[in-house]
Amino acid sequence: MLEEQMDILLGLLYTIFGNENWWGPWIRGVVGLCAMGAIMVSAMFAVWLERKYASDIQSRIGPNRVGGRYGLLQLIADAIKLFAKEDLKPDKVDTPVWVGAPILMFGSALLMLIAIPFGAFVFNGTTYPLAVTQFDISILYLEAVSAIGIIGIFMAGWGSNNKFSVIAAFRNIARMIGYEVALGLTIVSVVIVTGSLNIVDIVEAQRSVVWFAFVMPLGFMIFGVSLIADMGRIPFDQNEAEEELIAGWGTEYSGMRFGLAYFAEYIHMVLGSCIAVLIFLGGWNMPGFLVDLNIPLIGLLPAGIFLAKWVLVMMFVILIRWALPRIRIDQVTSIGWKILFPLAMVNLVWAAMLGLVWPW
Amino acid sequence: MVNKHDVKKRMRQLAADYIHEPQQEAYKLDDTEMMLHIGPQNPIQPGPFLIDLKISGETVRDSKLYMGYGHKGIEKILESLTYIQGLPITDRMCYLSSLSNNEAYVSSVERLLDIEPPERSQYIRVIMQELSRIQSHLLGTGEYATDLGFVTMFLFMIREREYVLGLIEDITGARITHCFPRFGGVREDLPEGWREKAIDVLAMINEKCETYKELFSSDRTYRMRTVGIGTLTKEDVIKVGLTGPALRAAGIDYDVRKVYPTLTYPDIDFKVQTGNNGDIFDRIMVRINEIQESCWIIEQALDQIKPGPLFPDELPYGRRTPSMRVPPGEAYVPVEDPRGEIAIYIVSDGTDKPYRVKVRGPSFALMQGLPPMLENVYIADVPAIAASMDSCNSEVDR
Numbered sequence: 014m015l016e017e018q019m020d021i022l023l024g025l026l027y028t029i030f031g032n033e034n035w036w037g038p039w040i041r042g043v044v045g046l047c048a049m050g051a052i053m054v055s056a057m058f059a060v061w062l063e064r065k066y067a068s069d070i071q072s073r074i075g076p077n078r079v080g081g082r083y084g085l086l087q088l089i090a091d092a093i094k095l096f097a098k099e100d101l102k103p104d105k106v107d108t109p110v111w112v113g114a115p116i117l118m119f120g121s122a123l124l125m126l127i128a129i130p131f132g133a134f135v136f137n138g139t140t141y142p143l144a145v146t147q148f149d150i151s152i153l154y155l156e157a158v159s160a161i162g163i164i165g166i167f168m169a170g171w172g173s174n175n176k177f178s179v180i181a182a183f184r185n186i187a188r189m190i191g192y193e194v195a196l197g198l199t200i201v202s203v204v205i206v207t208g209s210l211n212i213v214d215i216v217e218a219q220r221s222v223v224w225f226a227f228v229m230p231l232g233f234m235i236f237g238v239s240l241i242a243d244m245g246r247i248p249f250d251q252n253e254a255e256e257e258l259i260a261g262w263g264t265e266y267s268g269m270r271f272g273l274a275y276f277a278e279y280i281h282m283v284l285g286s287c288i289a290v291l292i293f294l295g296g297w298n299m300p301g302f303l304v305d306l307n308i309p310l311i312g313l314l315p316a317g318i319f320l321a322k323w324v325l326v327m328m329f330v331i332l333i334r335w336a337l338p339r340i341r342i343d344q345v346t347s348i349g350w351k352i353l354f355p356l357a358m359v360n361l362v363w364a365a366m367l368g369l370v371w372p373w
Numbered sequence: 056m057v058n059k060h061d062v063k064k065r066m067r068q069l070a071a072d073y074i075h076e077p078q079q080e081a082y083k084l085d086d087t088e089m090m091l092h093i094g095p096q097n098p099i100q101p102g103p104f105l106i107d108l109k110i111s112g113e114t115v116r117d118s119k120l121y122m123g124y125g126h127k128g129i130e131k132i133l134e135s136l137t138y139i140q141g142l143p144i145t146d147r148m149c150y151l152s153s154l155s156n157n158e159a160y161v162s163s164v165e166r167l168l169d170i171e172p173p174e175r176s177q178y179i180r181v182i183m184q185e186l187s188r189i190q191s192h193l194l195g196t197g198e199y200a201t202d203l204g205f206v207t208m209f210l211f212m213i214r215e216r217e218y219v220l221g222l223i224e225d226i227t228g229a230r231i232t233h234c235f236p237r238f239g240g241v242r243e244d245l246p247e248g249w250r251e252k253a254i255d256v257l258a259m260i261n262e263k264c265e266t267y268k269e270l271f272s273s274d275r276t277y278r279m280r281t282v283g284i285g286t287l288t289k290e291d292v293i294k295v296g297l298t299g300p301a302l303r304a305a306g307i308d309y310d311v312r313k314v315y316p317t318l319t320y321p322d323i324d325f326k327v328q329t330g331n332n333g334d335i336f337d338r339i340m341v342r343i344n345e346i347q348e349s350c351w352i353i354e355q356a357l358d359q360i361k362p363g364p365l366f367p368d369e370l371p372y373g374r375r376t377p378s379m380r381v382p383p384g385e386a387y388v389p390v391e392d393p394r395g396e397i398a399i400y401i402v403s404d405g406t407d408k409p410y411r412v413k414v415r416g417p418s419f420a421l422m423q424g425l426p427p428m429l430e431n432v433y434i435a436d437v438p439a440i441a442a443s444m445d446s447c448n449s450e451v452d453r
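Quick note, the sequences are listed as chains A and B, same order.
In the working numbering, each residue carries its 1-based index in the first sequence increased by 13.
In the working numbering, each residue carries its 1-based index in the second sequence increased by 55.
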């Protein structure tokens, strides 16, 4: 019975993700909308996870009222509160820029969705990624789209007509230039090894035991540091340092505009962890798990593996945030240019040598 | 006949000149500079003060400090109340060290009255002083950690502070404003079983402090933010009149408990904790060392304390009467507050109210120490430096 249902489910997934008929993209478009909803739920889960995990680290209880003992619905209560708040627009803000900024941040975070495969499933012995689209430059696209969010933050700081926000906006750009080069170079080194810009190909290249995190540990470390900087979390959250700049670029935002920007940051974190899993931690591959066996549920196992890795990476990112103090902006740029960038070049050379002998 | 209007105009002119002329000089900006006003009601501040930073990019070039937004007129209030009524007012000077404030007031009045509390009361007062120091340092260090974006540290410190507040609450019945010492004694005796409880808590605090010291000195991210930043040299600290941990961090071993010992401090063995460089890192280290030293002091006091009366036999006032006459004279008894030397200078004219009261608090000098440090530092260092001084804004202006 269960087996039959699983077959039906897998068949359905195959119809959506495995078919290359003329209507395939249309169906996937609809699925993309569902993915958008799902990623919002997962971002809400990320907020909950962060709150609970942070409270564990800090020996507190954390949210425990709304949504049962574990405070699962706390964020819904927060969202209702934010929606119910007055839409307050300060005098003398640069209205189109100021209003557009959270929308741009949110939009750019959502644009990343269409290129990311969220796991995979196995049907008739073939692995099909659960991606809305599969195009050949998806990793380049992800890099480009995630950088648009930086412009959103700059717009927010600039449009607020507030000195603290402007400082935050410029910090944001300085920081972005500092780490984005290293981030790009580590991604390029992965691309050199695999010879493809398609993120699905990159994951498939890690099919065997060797994940890129093991093959290029240096690259993985650089990527991790840059990614945390990209997400804008402590120790790299200089653009919203509460103690120096009140709330940085978000000083003048309140109500749902703030909520949108806040949520965009969490989506960024969720998707950033996702990319880290895909590029360096083998995506949905796990050596030792035989997905070719004819057992019910096993067809969905890759998706489960992916999800588990994803949550672990997110928990690591959260742990870093609550365990370290913030560093200064000049230290960020000096780390970016003096340490990460040269190391990324070294890693690039290593990747080029590796590419000669790949695949093993 | 002088026109009243003219006088007013002239006075306004004088005031404007006085305020604006030096300001305009300091506020002259070149093309790359900008003024950043922090305060007086900025959400990042613990209390009201205004600091104007002249910044060029991320670098602070110059700073001007304005205080006086939290003036409560406590000295004047003390002059209009009787001596006993004045005691609860001194609690309100600084919410973190109300026991030290009480102590400063009470010991000045005791010197005027020429009475001395019995030994047991003195030991209890020593214990309360040190407990107050522990909780103040824990909160101060925690708040400072938040200013580095290190929120977890703050919550750890607060967690430990709860136990110390519990100890204080067991004796005084209050957490913030205690109003505990009395002229010639203390209000309450140590409750039963308090000694054992206190020894447990102090052992725990001591152990945690070891952990924090290790954490602070080993964490590289933290050291990047603190070592060599916000340095005050020995000459600087003396020039601005600093006392307390900020002075000792610069390497000067001045401690009122050693230099002008009151109560039973001479019988107690403790070391004055000093630093070497006078930077942020040293100030925090001195505070954590002082917490451990305070634990040691309390343990000794608990060993040495003997049963006995809380008040001397002859008191110049009835225990329940709100007034007494104090012989004419003046008194200045310094006490080591968590932040430095505090003393309440009292002049008595023989009536039941003080003729003149002047508070010498540590926090004003701590604030004065800020502008020399805020030159050629980064904006991110400003809150860290300010918080590492641990000045109590409520007490700056009294």
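Please note that a few of the clues may not be correct.
As the list claims (entries may be wrong) - In silico contact screen, one side only, chain A against chain B (beta carbon under 8 Å); selected entries:
1) 69
2) 71
3) 73
4) 76
5) 107
6) 247
7) 259
8) 333
9) 336
10) 341
11) 344
12) 347
13) 350
To be verified - Calculated cross-link-like contacts (lysine-lysine; reagent style BS3-like; alpha-carbon spacing at most 30 Å):
14) B:131 <-> B:361
15) B:294 <-> B:413
16) B:119 <-> B:131
17) A:105 <-> B:83
18) A:105 <-> B:413
19) A:65 <-> B:294
20) B:83 <-> A:176
21) B:252 <-> B:361
22) A:65 <-> B:263
23) A:176 <-> B:263
It should be emphasised that the hints constitute simulated quantities derived from the structure, not laboratory data.
All C-beta atoms in this analysis are idealised placements derived from N, C-alpha and C, irrespective of residue type, glycine included.
| said: Are any of the numbered hints broken by this structure? If so, which, sorted upward? | reply: Hints 1, 4, 5, 8, 12, 13, 14, 18, 19, 23 are the ones this structure does not satisfy, whereas the remaining hints hold.
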